[in-house]
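For the record, the sequence lines run as chains B and L. Numbering-wise (the working numbering), the first sequence opens with residue 1 and increments by one. Numbering-wise (the working numbering), the second sequence opens with residue 1 and increments by one.
Hints listed in this document are in silico derivations from the structure and should not be mistaken for laboratory results. Misleading hints may appear alongside valid ones.
Any copy, or any two copies together, can satisfy a pair, since identical chains are not distinguished.
To be verified - Straight-line C-alpha distance at most 25 Å; calculated SDA-like pairs for lysine to any residue: (1) K229 x R277; (2) K169 x P102; (3) K229 x A305; (4) K193 x N108; (5) K211 x T126; (6) K193 x N245.
2 protein chains.
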Amino acid sequence: MTENAYYTQDVHGPYELYEIEALQLEEGGTLRGCQLAYASFGELNAAKDNAILIPTWYSGTSKIIEDVYIGEGRALDPSKYFIVVVNQIGNGLSSSPHNTPPPGGMGNFPRVRIGDDVRAQHQLVTEKFGLDSLALVVGGSMGAQQTYEWAVRYPDMVKRAAPVAGTAKNTAHDHLFTETLVDAITSDPGFNKGFYASPADVREGLLRHAKMWAVMGWSTEFFQQERHKALGFSSMDDFIVNFMNAYFSVMDPNNLLCMAWKWQRGDVSRHVGGDLRAALGRVTAKTFVMPMSTDMFFPPADCEAEWRLIPDAEFRPIQTIDGHLALFGADPEALGQLDAHLTELLAMKV
Amino acid sequence: MTENAYYTQDVHGPYELYEIEALQLEEGGTLRGCQLAYASFGELNAAKDNAILIPTWYSGTSKIIEDVYIGEGRALDPSKYFIVVVNQIGNGLSSSPHNTPPPGGMGNFPRVRIGDDVRAQHQLVTEKFGLDSLALVVGGSMGAQQTYEWAVRYPDMVKRAAPVAGTAKNTAHDHLFTETLVDAITSDPGFNKGFYASPADVREGLLRHAKMWAVMGWSTEFFQQERHKALGFSSMDDFIVNFMNAYFSVMDPNNLLCMAWKWQRGDVSRHVGGDLRAALGRVTAKTFVMPMSTDMFFPPADCEAEWRLIPDAEFRPIQTIDGHLALFGADPEALGQLDAHLTELLAMKV
């Protein structure tokens, strides 16, 4: 375990914890006393049919979802819906390498898959809240991976699904990109196979990781139009150091690696022996597939190819030059499009 | 100096050497006894108006240009033209960190700019060959940077210009990507600030560098269509280890870093106080701007923006899913398009 002031109620709260005594993991490990951190907004109605589940992305927590996506008058409106944002395992609020006691934490934290998260979330929403349906599952990036996993694994429960800027089966290209992110961290001698004394020992690796996020996370148009200046940074160096690096440098390297490993292997086709068509054919949720138009991680063409395999789904790309990181919400027009699509999806009878 | 069997006549010959006694560098250094390695094909005619100059790209040498681009019946036809392929400084055949004697070599090799290469090349073609015009300057990637530099610096001499898959002024995005490549090498403890005993000491850094080339060098469509299998590799791991890594692992890390520094800073606007429009306005060569349609280093949109600033130029993108590395020539249809454009350009009266 390492102390980390970033992963606290002060920074990300308020959130609640739900404990699963022993989460059996698909790769064979066990998470004992697994904690799922979640934040909820709004009230569950008597029919229990107004629940929305939002899983989180790589490095993200329930806080940015709350700040950027949830609000009265928005699509994700807590005056209408009971919204549960669940932090993925490894993100620092839920059970993660940095907060798991020895010997199971840090570099010994077990391999976790998207399916493990979704089974844990299923236990939370069924046992804690007594839900038997979700009006919507929506998430971006790794949140989209979890959304797809929900829709394929529990089709009877998921009424609507909105995977944003993510895929059902990760591509070879994105797998390789993520490997370069992992390499950036693990190659730092201070990483010490995950048993560093302090995340600061991995400072250089985290900086390299942040730069690589900057290269692929936005878009070439973002750079061409000098969007970083519009976001308040005087130069590219200023942007790299005081935005990209500032964002990641407070996080725990093992936590990031736990999520990266999971991200690389997101793949609903595992349910059907590798047959993606058959897996996506199981989806009964009304689904809007929503890539970001300039996303270099999950390009629209990759998302479109999957959309064609989902019964009765709609392809709703979001136009933006902010690339994958339009998820951060810095492009209000992208947020507006996303809200409009979600509002339409939520209004659909299913 | 380090021995390196890769940078030899056996692998890259035959090539000749031209010596410049002391090349004064724009950054203030001096290359004493600067060697320019070049290969020539065909014969100079009596009018001395059939010369074509081809500068090289990052990591490339005159050999791949010869193998992939030059041939009878091709646009670059040695039965019609006197073709000189000049190896850029730092590429391992011309003066480079690995072949410069101490104390000026390895980690002490001076900073070289695109403009230094082009001035050295100018001396070669004017003094050695007595040329006062070039029918065409054509090059890919860093070869395109040198092509633009030629057309802006020596407009009276360059009759036609064909920058392929490269820009006149490097973008902030590409600069940052290249920085991550540099980081991949310099972060290897074996790099030792450029004073390694053997390039093998930097093996892990070179492997990380090769993976990052794989992520950005091709395209997401390349991966989606599993082009690596069509190229003879059984899996992505096979492709990374036995193609991307095999290609770079024989090279000298300091040589790559010398070229990367130069690549990051390619910018013809330096001639006019940063005014790119004014710099490109100096071009009198008939110019075809030829990006690769899926290039992630030098995206078509970036090349198109520059094309608009060049008098009477034509925008001729090459359709391919091989991305930037279509330059390697694995997509015969891309080569066919390129040949057709060059043939048309060479036939134009100027």
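Evaluation of the provided hints:
no.	hint	verdict
1	K229 x R277	between (43 Å within a copy, 22 Å between copies)
2	K169 x P102	neither (33 Å within a copy, 52 Å between copies)
3	K229 x A305	between (35 Å within a copy, 20 Å between copies)
4	K193 x N108	within (9 Å within a copy, 33 Å between copies)
5	K211 x T126	neither (41 Å within a copy, 43 Å between copies)
6	K193 x N245	both (22 Å within a copy, 24 Å between copies)
Hints 2 and 5 from the earlier list are contradicted by this structure; the remaining hints agree with it.
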